[in-house]
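Single-letter residue listing:
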Amino acid sequence: MKKILSFTLKVFFFLIILLALYYFIQPEPFLGKISLYNFIFPGRERLPFGENPRVAYNFSLYNLNAMFASHEISGVQEQDNSFRVITIGDSSVWGTLLKPEETLAGQLDGKKIKIHGAERKLEVYNLGYPTLSLAKDVLILQRGMAYKPDLILWFTTMESFPNEKQIESPLLAKNSEEFAQLLTSYGEIPSWMPKSSPESFWEKTLFSQRRALMDLIRLQLYGFMWAATGIDQDYPADYPMAQVDFDRDNSFHGVDGIYPNDQMAWELLNVGMRIAGNVPVILINEPILISDGENSDIRYNFYYPRQAYDVWRKDLADRCTEEKWKCLDLWDLLSQSDFTNSAIHYNSEGGQKVVDTILDVLPESLQ
Amino acid sequence: MLLSNILLLAGLFLLIRGIPQQRIRKYFLLALSIIFVFSLQPTLSIRNFDFWLPLATTGLTLVCWAFCCRNDTSRLSDNRSELLIIFGTVLFIALSRLFSFEGIFTASRPPILSVSLPWIAGWFILFFIFYYFGGSKPKKLFSLFIGFILLILILLKTPRLALQVSRFFRNLAGQSAELATANDLRWFGFSYIAFRLLSVLIDARKGRKWVATPGDFLIYVCFPPALAAGPIDRLDHFDKELNSVPHPFPEDFREGIPRIATGLFKKFILADSLALVALSSQNAVLIKHTGWAWASLFAYSLQLYFDFSGYSDVAIGLAHLIGIKLPENFNHPYLKPDIAKFWNSWHITLTQWIRSYTFNPLVRKLRKKKDPAFPQWFMILITQSVTMGLIGLWHGVTLNFFIWGIWNALGLFFHQLYADHTKNQLTVISEEHSIAFRIYTIGSTLLTFLFVSLGWIWFVLPNIDSAALFFERLF
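In the order they appear, the protein sequences are chains U and B.
Note that our numbering has the first sequence beginning at 60, numbered continuously upward.
Note that our numbering has the second sequence beginning at 1427, numbered continuously upward.
There's no promise every hint is true.
As the list claims (entries may be wrong) - Keeping only pairs whose Cα atoms sit at most 30 Å apart, straight-line, the calculated DSS-like set for lysine-lysine is: (1) U:61 with B:1751; (2) B:1714 with U:170; (3) B:1566 with U:180; (4) B:1566 with B:1751.
Just so you know, the hints here were simulated from the structure itself, not pulled from any lab data.
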């Protein structure tokens, strides 16, 4: 019995030391940087995201270090003739229902354009992430700047602007401290930003972080299947198409008519532009589905009533002029048939039209 | 079994082990075995089947005992307490419908008492009929009982038949037969339960005597740690372990806990991680590159081993906690230099079972034939094909499982021919050129692993087309 007691005590003691070390070191963010991607497995062409890992060989985790370490952008060397572009935005940029090569980044990559008279090959990286939030865009943009882009294509839409949308996504919630520091460094603390509270004792324990740690391992394991299959999302054979018939509802986020400007996070556009610094940014109002179905005289689509969207679009254009931002308004570029399961998700052909338009204006924008 | 089940079982075993009187300890173990038969049964889409199937397990086991026992040596009056515990536990589970115990004893709420009680009574009446009117039974009756259990196995393991049975029961339960699937009849642990019952019945048919109380017999058949994945112990060995004075507790604890920890590590860390990348019916068609296809195949080989041997480690470790030593089920099979040694180290108890009840009788039968006697090679081919084919079909009555069995049978057959031809040379090499022999052993171990791994393609993929496609991807 004494031996059992001694054995149990030793195990208990070892466990306590391990837990204490973990608590004080907090290694999870650092561990995220350790990755088999870009060494054993090819880097992912888009950031990890997915709700059905067994089928998608991909899943959502919130360790930004791990997310970027798994991305191909972390593994590339700078080439002389290349022109490095990053695309920022929501699920339409990430490419829901699209294969990596069908996304905007996938279709733009490798294209050649003339900049200042010299032919440059576009090296385009998809840093889109399926959450509609400017705050998330800004957070990812700041990380993306570490990879020294020559150009930023920032796709956005009105649904990313409401204050209430900014920090509701798990990615922001799990990285709220980094986001708060980012805003503080640019002197912008919006009213909607909740006061950050330090992590509790419990949140710092190994037990509380076990899921996040397991996610780091799972991300590496799914790298195997990504390498083997090239699949990184669930492609259902059938899915419901975007809604085209609506109720007679003129409201946007519960507000009837024009959505108040003070309830939108316009200031984050300024933060994003300041993060970009001297790197040119093209701010693109992304295409939306313009329905011709029931009550389409009131609503463009599931997201937007016509009145609120038109006002927002004009405001965006005005700001672009005022701030001398390079903006591209593609809101009505695509037809209804170009959209898939949502009013902002377009198919490969739709993506091709967007890419063609961007390529048309790119040389001029970069002068 | 889930991790929570394993930890709960370990805790309960430790508590039961603390009871000083062996008789009382066995009573608790008996009740626990019955409770776990019910609680481990997963939810099924046919109404109340998560109650009926465990009830059938308990009933079938008791009836089998009554059928096989010799009522001149096994008096019911001596076993009254055990029968009361069995009856009481089953009744308690049925009555749990009246309390808020959903999800604890059965996956869903047990059926209404006016339905469940007559069935419970029915099983016990059947038990008493077999017991009192048994006596010495003709061999044909044993064969009938054996045939009945085999029939259940075949119905459960043949997807088409399972679908028909599911339709039948769905109609009976007033549910839509359209929604029936072969998975509706996932009878937890029945593959192992059936083999334990069959071994007892076959032995009893041969007139082999055994003395086990109904409680001991039920614990043997339904011993919770060994329900999910074996090992398949022999009744005489298990009964001896159950009734002998257990080893000192510290000794069992020292052996059991590391074994459980090893098993949990193998199953929940290694196997579950490998499962994400291992070959499966889903990813077999998606893998684009040859190199990754090989990697996924090897990952599957390792996953299967860690999963299965991990469960066996947990079962053996848990059994240690209650003072029972279960037989070993794996002995580093992938490190064996030939296919025969591999099969002597992989799922050892199943292989031994098949050898005892199929291979040996078949060999004896074939050897009896004289004028002309079968050639040796023919006998090896037939016996290996039958036994390995049966092992394949035990996993499921599908063509792919059968081919997997035959694949291994051919491996064993050719290895036997090769071993017969090279025996003398290999002995010389092993004695005179130890380095060359070591290299030869490493080479043959790798070759065996490769052969076994390629065989798993038939095992894991659902049909010949997908297996053939995957072979194409590999070469």
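To see whether the hints hold, each was checked on the structure:
With a C-alpha separation of about 23 Å, the suggested pair residue 61 (chain U) and residue 1751 (chain B) falls inside the 30 Å cut-off, and the hint holds. Our distance criterion of 30 Å between C-alpha atoms is met by residue 1714 (chain B) and residue 170 (chain U), whose separation comes to about 26 Å. For the given pair, residue 1566 (chain B) sits about 84 Å from residue 180 (chain U) by alpha-carbon distance, which is inconsistent with the 30 Å threshold. Taken as a hint, the residue 1566 (chain B) and residue 1751 (chain B) pair is broken in the structure, with Cα atoms around 35 Å apart against an allowance of 30 Å.
Hint compliance for this structure: hints 3, 4 are broken, all remaining hints hold.
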